[in-house]
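S.K.: This is what each chain is made of:
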Amino acid sequence: MNDLPDFRDLVGDDLAPEELGRLEHVDALLRAVPPPPAEVPASLTRSVGRITAVTPLWTRRRLAGALALAASLAALFFGVGAWTTGGGGLEARAAVPLQATESAAGASGLVRLGPRDEATGNWELEVVVSGLPKLPKGGYYVLWLAKNGKYAGTCGTFNVGAGTTRVRMSASYLLSEYDEWVVTAWLPGRDNSNAPWLLRASTEA
Amino acid sequence: MPVAVATSDTDADLIERVAGGDRDAFAELYRRFARPVLGMAMRQLGDNGRAEDAAQETFAAVWRSARSFRSDRGTGSAWLYAVARHAIIDRARQRREPVAEVVPDEPSAEAGPQDEAELSWLAWRVHAALEQLPERERVVLELAYWSGLSQSEIASYLDVPLGTVKTRTRTGLARLAPLLEEVRP
Chain A
15 MNDLPDFRDL VGDDLAPEEL GRLEHVDALL RAVPPPPAEV PASLTRSVGR ITAVTPLWTR
75 RRLAGALALA ASLAALFFGV GAWTTGGGGL EARAAVPLQA TESAAGASGL VRLGPRDEAT
135 GNWELEVVVS GLPKLPKGGY YVLWLAKNGK YAGTCGTFNV GAGTTRVRMS ASYLLSEYDE
195 WVVTAWLPGR DNSNAPWLLR ASTEA
Chain B
12 MPVAVATSDT DADLIERVAG GDRDAFAELY RRFARPVLGM AMRQLGDNGR AEDAAQETFA
72 AVWRSARSFR SDRGTGSAWL YAVARHAIID RARQRREPVA EVVPDEPSAE AGPQDEAELS
132 WLAWRVHAAL EQLPERERVV LELAYWSGLS QSEIASYLDV PLGTVKTRTR TGLARLAPLL
192 EEVRP
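Chains as they are written, first to last, in our numbering: chain A, 15 to 219; chain B, 12 to 196.
There may be inaccurate statements among the hints.
[What the hints assert, rightly or not] Calculated from the model, a selection of chain B residues having no Cβ within reach of chain A, i.e. all distances over 10 Å: (1) Arg28; (2) Arg84; (3) Gln143; (4) Thr180; (5) Glu192.
[Unchecked claim] Derived contacts from chain A toward chain B, CB cut-off under 8 Å, selection only: (6) Leu24; (7) Val25; (8) Gly26; (9) Arg45; (10) Pro48; (11) Pro50; (12) Ser57; (13) Leu58; (14) Lys164; (15) Ala176; (16) Arg180; (17) Ser184.
[As the list claims (entries may be wrong)] Take a look, some chain A residues computed to stay more than 12 Å from chain B by CB distance: (18) Ser144; (19) Trp158; (20) Tyr192.
No wet-lab data here; the hints were simulated from the structure.
For every residue, glycine included, the Cβ atom is placed at its ideal position computed from N, Cα and C.
For reference, chain B alone in the conformation it holds in the complex:
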């Protein structure tokens, strides 16, 4: 999909342009949010095919409903998150398996729906912020935090000097800081 928008455009700017039928703005929204939406759907639906469908429905709904977005009521990402959440819930309802009722003897130690929702929201925000980094910094951070590789191993894997990995790590974290300032773990 072609992208002809400034990366400095806010999510709200892009949604408002999508409301006017701007395909480039839609492509940029997709670039920013495809992975976070897909990740959220995969965690909640547990199935790649259904997650992909939910992600597709999310962006279809964004294209159809962008005119309903009101920037004075919240951020663009919060609106898009709500659209995604509805699409995922719809997809989950479409094939809900009957579950045998079992009453546990003790309260479960697993996260409840509220905790799940908060983690989902948190992951969404973090992943969406990552998408706004230059790829070379994003890749280094993803390897550092989720691959189990050491900094030296990342340098070897990417075939760059160790100093470059350290610089990209620090620069990437610094770039994320203002994007995640308001987010609390």
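The shape of chain A in the complex, shown without the other chains:
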């Protein structure tokens, strides 16, 4: 960057020449490289955290078999015959479009269902939303599963930025026991027990 401070301004003038040389070398390296990413997304940390739950002794053949089984189950649960690809990181086996309610006109979303985690029985999924506003500090959105119109289990929480937001989560294995995917907002200092539904989709979609 052009507005980088002078090396001497950074380290001062009272260093021994040898130490100055060592620090100058580091300074040159730092100036030569681009910045690291601001932070590691929590979604990556969560997904990597699940890696150690899977035995490292799995062969490619067994892994391929598990993925094939996961794909079959996903197709069975969701009635989706075709594999869904594109749009993001997760290799989705099914995609469920979320419909905006009157409380979130203009918003849209998608739940993309990935492979099943063999160790836990959870399904990896990715929620993709756009058109939802940024919430006040401390607030967040919640993706959850409903049964008979009532809360039945949380898949995860997320916040949104500008444009489209993608967040990885996981969902209970027996998705067929639930009726709908729902997105609501949780706002600090409010009674959120009857928060309006913003996005929704049938799990049978």
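Take the given structure of chain A and dock chain B to it, following the hints.
M.R.: Chain B in isolation, oriented as in the chain A frame:
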């Protein structure tokens, strides 16, 4: 992820422990290398989602393949870098867009693949070394070199005295020196 390993453990030590199924060692490797791996993947793939997938695949491969690491053949970071590079290349191949062939009239002034690879390796080493600093020193250095803030502005931003910023800057650089001694820009 819980971490119960000494920060003095070398990368090679950690990989060897991962080979034995040590989850804490794996968590420490992740802490050290997640940002460098992600940064490298983002630069090469240009897409956050795909970069995240490549980073995830890197650590999955580390967990699966740690037993193939031989400390007498190279450093732990070099091995992990190679694993990451393969994961990124695999991810890049999975969705390669067809490119219309255009023959340039003049040689491009942009960095070629070799230069890109060297910069990638350099950035990887520097970022990985940064991850080994105490957070308060790392943050000050990142702000100093990549935010465009002056030392006074950093002091104001972090709400610490200017002298503290200068001390942390110098201490951080000094701590990086032995980690980057062998690295050439």
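S.K.: Just double-check tyrosine 192(A) for me: nearest Cβ-Cβ distance to chain B has to come out over 12 Å.
M.R.: Consistent with the label, tyrosine 192(A) stays out of reach of chain B, its closest Cβ about 26 Å off (over 12 Å).
S.K.: Verify the interface restraint on serine 57(A): the C-beta must sit less than 8 Å from at least one C-beta of chain B.
M.R.: holds, 7 Å
S.K.: Holds or violated: the hint that alanine 176(A) contacts chain B, with Cβ atoms closer than 8 Å.
M.R.: Because about 13 Å separates alanine 176(A) from the closest Cβ in chain B, which is outside the 8 Å limit, the hint is violated.
S.K.: Taking 10 Å as the cut and beta carbons as the points, is arginine 84(B) off the interface with chain A?
M.R.: Check passes; 21 Å lies beyond 10 Å.
S.K.: Hint validation: lysine 164(A) versus chain B, beta carbon distance must be below 8 Å. Holds or violated?
M.R.: With a minimum Cβ separation of about 33 Å from chain B (threshold 8 Å), the hint on lysine 164(A) is violated.
S.K.: Report holds or violated for the interface hint on proline 50(A), using the least CB-CB distance to chain B and a cut-off of 8 Å.
M.R.: Holds, because the Cβ-Cβ distance from proline 50(A) to chain B comes to roughly 4 Å (cut-off 8 Å).
S.K.: Can we confirm that no CB of chain B comes within 12 Å of the CB of serine 144(A)?
M.R.: About 14 Å separates serine 144(A) from the closest Cβ of chain B, which puts it past 12 Å; holds.
S.K.: Using Cβ atoms only, decide whether leucine 58(A) comes closer than 8 Å to chain B, and label the hint accordingly.
M.R.: holds, 5 Å
S.K.: Does leucine 24(A) pass the interface hint, meaning its C-beta sits closer than 8 Å to a C-beta of chain B?
M.R.: holds, 5 Å
S.K.: If you take the shortest Cβ to Cβ gap from valine 25(A) to chain B, is it below 8 Å?
M.R.: Status holds, d = 5 Å.
S.K.: Does the CB of proline 48(A) sit less than 8 Å away from some CB of chain B?
M.R.: Because about 6 Å separates proline 48(A) from the closest Cβ in chain B, which is inside the 8 Å limit, the hint holds.
S.K.: Test the statement that glutamine 143(B) is away from the interface with chain A: the closest C-beta pair must be farther apart than 10 Å.
M.R.: holds, 13 Å
Checked against the numbered hints listed earlier, the structure breaks hints 4, 5, 14, 15 and 17; every other hint is satisfied.
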